[in-house]
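J.: Sequence:
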Amino acid sequence: MTGEHGNGFGSADWLGVEQTSSLDHGYGSKFRACATAIERAFPEIEVLGNAKGKPRSGAFEVSSEDGVVFWSKLGGAGFPDPAKLVAKLKTAFASEKEQ
Numbered sequence: 001m002t003g004e005h006g007n008g009f010g011s012a013d014w015l016g017v018e019q020t021s022s023l024d025h026g027y028g029s030k031f032r033a034c035a036t037a038i039e040r041a042f043p044e045i046e047v048l049g050n051a052k053g054k055p056r057s058g059a060f061e062v063s064s065e066d067g068v069v070f071w072s073k074l075g076g077a078g079f080p081d082p083a084k085l086v087a088k089l090k091t092a093f094a095s096e097k098e099q
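For the sequence shown, full-length UniProt numbering gives the first residue as 1, with consecutive numbering after it.
By construction, these hints were calculated from the structure, which means they are not laboratory data.
Accuracy of the hints is not assured; some may be wrong.
[Unchecked claim] Derived pair list, reagent style EDC-like, types lysine to aspartate or glutamate, alpha-carbon separation capped at 16 angstroms:
#1 Lys-88 x Glu-39
#2 Lys-52 x Asp-66
#3 Lys-84 x Glu-61
#4 Lys-30 x Glu-61
Sequences and hints are given; from them, build the entire structure.
T.: What follows is the structure in structure tokens.
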């Protein structure tokens with residue numbers, strides 16, 4: 001996954017977070033917290049909300065531009081804690097760089 005941009009995201013310049021658009025369930029604040037944490041840890045990466053269009057009901061999915069899924073609420077992971085999400089991303093990128 002280490003690609004032309006040297007950021008551990010392969011050729012990706014962004015991470016997408018698919019989130020249910022209903023802000024009254026806290027998705028908006030959870031998205032902003034995760035986006036802020038990711039962008040602070042990886043300043044070269046832009047975090048986009050619902051980059052692939054209309055979100056699925058109950059979704060909070062974090063994936064790279066090239067389709068790698070790092071967190072999936074629909075897959076049973078629940079909402080991410082921003083610090084745990086960043087730690088998971090750092091671990092994933094470190095292991096990819098070693099390959």
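J.: Decide, hint by hint, whether the structure agrees.
T.: Right, here's what the structure says about each hint:
no., hint, in the structure
1, Lys-88 x Glu-39, "holds, 14 angstroms"
2, Lys-52 x Asp-66, "holds, 12 angstroms"
3, Lys-84 x Glu-61, "holds, 14 angstroms"
4, Lys-30 x Glu-61, "holds, 12 angstroms"
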